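S.K.: Please construct the entire structure, taking both the sequences and the accompanying hints into account.
These protein sequence lines map, in sequence, to chains A and B.
Numbering-wise (my numbering), the first sequence opens with residue 1 and increments by one.
Numbering-wise (my numbering), the second sequence opens with residue 1 and increments by one.
Any given hint could be a false lead.
Just the calculated beta-carbon pair ranges, DEER-fashion [unchecked claim]:
| id | chain 1 | residue 1 | chain 2 | residue 2 | range |
| --- | --- | --- | --- | --- | --- |
| 1 | A | 59 | B | 243 | 15 to 23 Å |
| 2 | A | 308 | B | 85 | 44 to 52 Å |
| 3 | A | 163 | B | 232 | 24 to 32 Å |
| 4 | A | 157 | B | 18 | 16 to 24 Å |
| 5 | B | 32 | A | 268 | 25 to 33 Å |
Hints listed in this document are in silico derivations from the structure and should not be mistaken for laboratory results.
Being a predicted model, the structure only gives us computed values, none of them experimental.
For every residue, glycine included, the Cβ atom is placed at its ideal position computed from N, Cα and C.
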Amino acid sequence: MALLSIENLHLTIPSFEGEAQILNGVDLTLERGEICGLVGETGCGKSLTGLSISKLVASPPARYRQGSIRFDGQDILGLSESAMRALRGRRIGMIFQDPTTNLNPLFRIGDQMIDVALHSTGANRWSTSARREARARSIAMLERVGIQDAHNRLDDYPHQFSGGMRQRVLIAMALIGRPDLLIADEPTTALDVSVQAQILQLLFDIVREDNIAVLLITHNLGVVARLCTHVAVMYAGRIIERGTMADVFNRPRHPYTKALLNAVPTQKTRKGTLQGLGGSVPDPYLPHAGCRFAPRCAWAEARCSEAVPPETDLGHGHGVACIKAGDLA
Amino acid sequence: MLQVKGLSKIYPGRRGSPAVTALDDVSFTIAPNSAFGVVGESGSGKTTLTRCLIGLEKPTRGEMLFEGRDIARLSPQDMREMRARIQIVFQDPYASLNPRMSAQDIIGEPLLIHHDRLQLTARARTDRVVELLERVGLGVRHLHRYPHEFSGGQRQRIGIARALAVKPQMLILDEPTSALDVSVQAQILNLLVELQDSLKLSYLFISHDLGVVRYICDRALLLLHGKMIEEGPVDQVFDHPQSDYARRLIAAIPDVDPARSLHLTA
Ligand SMILES: Nc1ncnc2c1ncn2[C@@H]1O[C@H](COP(=O)(O)OP(=O)(O)OP(=O)(O)O)[C@@H](O)[C@H]1O
Ligand SMILES: Nc1ncnc2c1ncn2[C@@H]1O[C@H](COP(=O)(O)OP(=O)(O)O)[C@@H](O)[C@H]1O
Ligand code: SF4
Ligand SMILES: [Mg+2]
Ligand SMILES: [Mg+2]
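M.R.: The following block contains the structure:
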């Protein structure tokens with residue numbers, strides 16, 4: 001059984017404009033040792049997929065109308081908040097894009113880290129021996145993510161750390177409970193290339209040493225190509241193509257995946273020849289039928305708008321949700 | 001268009017800490033209608049350079065000649081006029097938009113600030129705002145929405161539309177696409193290329209995405225601790241870098257080729 005398996009997940013969020021259909025049948029599986037890149041344009045539902053796995057979408061008002069999320073056999077959507085708190089930070093580690101989950105500027109790095117460490121074992125936070133043990137684990141984890149002289153830096157405040165160091169601290173916090181699954185939403189977006197390269201190497205080493213699974217949410221396809229073993233491409237709340245990195249990046253079959261890959265300037269792209277992708281993602285408030293990529297798709301035909309294209313398996317788990325999946329080499 | 005000669009900026013150390021040399025003898029020229037890239041790790045002095053160019057910081061030494069006149073020696077009146085000719089696009093889409101203003105107000109604000117010169121009617125301003133929204137991949141339905149109703153990517157598109165509003169001659173783009181999707185990034189990059197062509201714009205383009213700099217820029221400057229490490233045509237800087245530092249930086253650039261995967265090279 002897969003460590004994580006999401007099946008046909010539908011999520012709606014009400015607002016004064018009506019009911020937004022945020023997730024429209026997400027299918028995704030993740031095994032230990034896999035690093036799956038979840039990519040797609042802004043607003044397509046990547047973050048809400050990640051938040052759903054940790055059951056952090058307030059519901060109500062949001063509603064899961066269909067589908068399931070199973071983590072190591074447990075039905076996440078059926079779990080109580082207290083059962084969920086036991087999973088978060090222990091079995092599921094998270095680094096989120098939402099700045100409110102980042103470091104609090106008013107508290108010392110060490111105190112924030114030790115709180116997370118205490119939660120991860122469920123230890124009594126007022127026990128001196130538990131705090132001492134949590135402190136030791138915090139230092140060890142900070143050193144593992146490359147913070148030098150960690151025991152002296154615990155008393156520092158976040159502003160005394162550089163952006164790359166703060167990102168390492170967030171990774172250390174997410175990993176201190178030794179989770180089986182790490183959900184990382186844009187973990188390197190704000191970093192420059194050399195720091196980004198170090199962080200990617202760090203994540204790669206941790207996955208190999210601890211055999212954990214990572215869901216890496218990013219819009220940077222270069223980061224995915226460098227780090228991921230698998231890729232899931234999302235559009236309008238659905239995974240429209242998924243498979244191994246080599247299948248999806250070297251042999252993309254969905255028109256949307258092809259368009260995304262063509263939009264990245266490479267060494268050889270001459271000025272003015274970059275193939276942009278026209279149009280924009282559909283508004284989740286508007287009603288729709290059939291393939292939601294059709295208005296932007298160069299291969300669209302009338303029948304594309306009749307029914308939602310089912311996923312076709314082209315072999316080895318290379319799934320493509322396009323009626324022309326087999327024809328578009 | 002812009003000539004920077006021997007520019008240095010030293011921040012005096014506060015409370016006993018040593019002074020910081022943020023820029024150290026930097027010189028370059030941006031020709032009219034060309035794009036100039038500035039690349040460097042964080043803390044290398046990129047933002048200090050832009051702050052000097054828009055008059056927010058006085059350089060310690062050196063000159064910045066915009067069409068022959070030193071930016072550091074302009075009267076407040078001339079500086080105001082200069083600000084319309086050099087517009088800046090900021091990096092952080094969360095911090096740079098006023099949460100209490102609608103998209104229409106945010107994008108239209110520069111049109112009001114420079115009303116003396118532009119003389120647009122309210123109707124013409126709205127039309128221009130709609131045109132700008134469409135150019136950055138949004139539309140008329142977004143006119144009356146507020147920043148919190150937009151995703152991070154959409155907010156950045158609004159910041160770019162805002163900078164384009166007064167049709168400046170030079171744009172300073174500080175990491176303008178780092179928060180954008182590749183699809184939008186491609187649209188924006190193509191838009192920048194097209195605008196540069198049609199409006200004869202110059203760009204000072206700051207980025208840590210070397211692929212993007214290479215795509216957009218004619219020349220590039222590599223900074224390390226405020227010093228120039230490489231400067232020249234992009235092909236020369238990226239294909240035949242002279243320094244080890246430049247070679248390491250270039251090797252770290254992520255690129256969509258799976259052949260450079262850590263899994264394959266480990
Ligand atoms: N709390 C909310 N209430 C209503 N709509 C929301 C809410 N959060 C997100 N949305 C909408 O849900 C859709 C998916 O948002 P999500 O944040 O998951 O996108 P994303 O792919 O992560 O984008 P980005 O890369 O910009 O973060 C968007 O249309 C967004 O406007
Ligand atoms: N107001 C300031 N006072 C003291 N030092 C500063 C100030 N602003 C920037 N610096 C220092 O100048 C150097 C360059 O900073 P900056 O131009 O902001 O870098 P970048 O934008 O490339 O990240 C850094 O070492 C930074 O810490
Ligand atoms: S189903 Fe039709 S519209 Fe959708 S991606 Fe495939 S060809 Fe294009
Ligand atoms: Mg997101
Ligand atoms: Mg900066």
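S.K.: Confirm or reject each hint.
M.R.: Verification of the hints:
The hint said 15 to 23 Å for the Cβ distance between residue 59 of chain A and residue 243 of chain B, and at roughly 54 Å that hint is violated. Roughly 51 Å separates the CB atoms of residue 308 of chain A and residue 85 of chain B, a value that falls within the hinted 44 to 52 Å. The hinted window of 24 to 32 Å between residue 163 of chain A and residue 232 of chain B holds, with their beta carbons roughly 29 Å apart. Distance hint for residue 157 of chain A and residue 18 of chain B: a CB-CB separation of about 21 Å, consistent with the stated range 16 to 24 Å.
Range check, residue 32 of chain B to residue 268 of chain A: Cβ separation about 28 Å, and the 25 to 33 Å hint holds.
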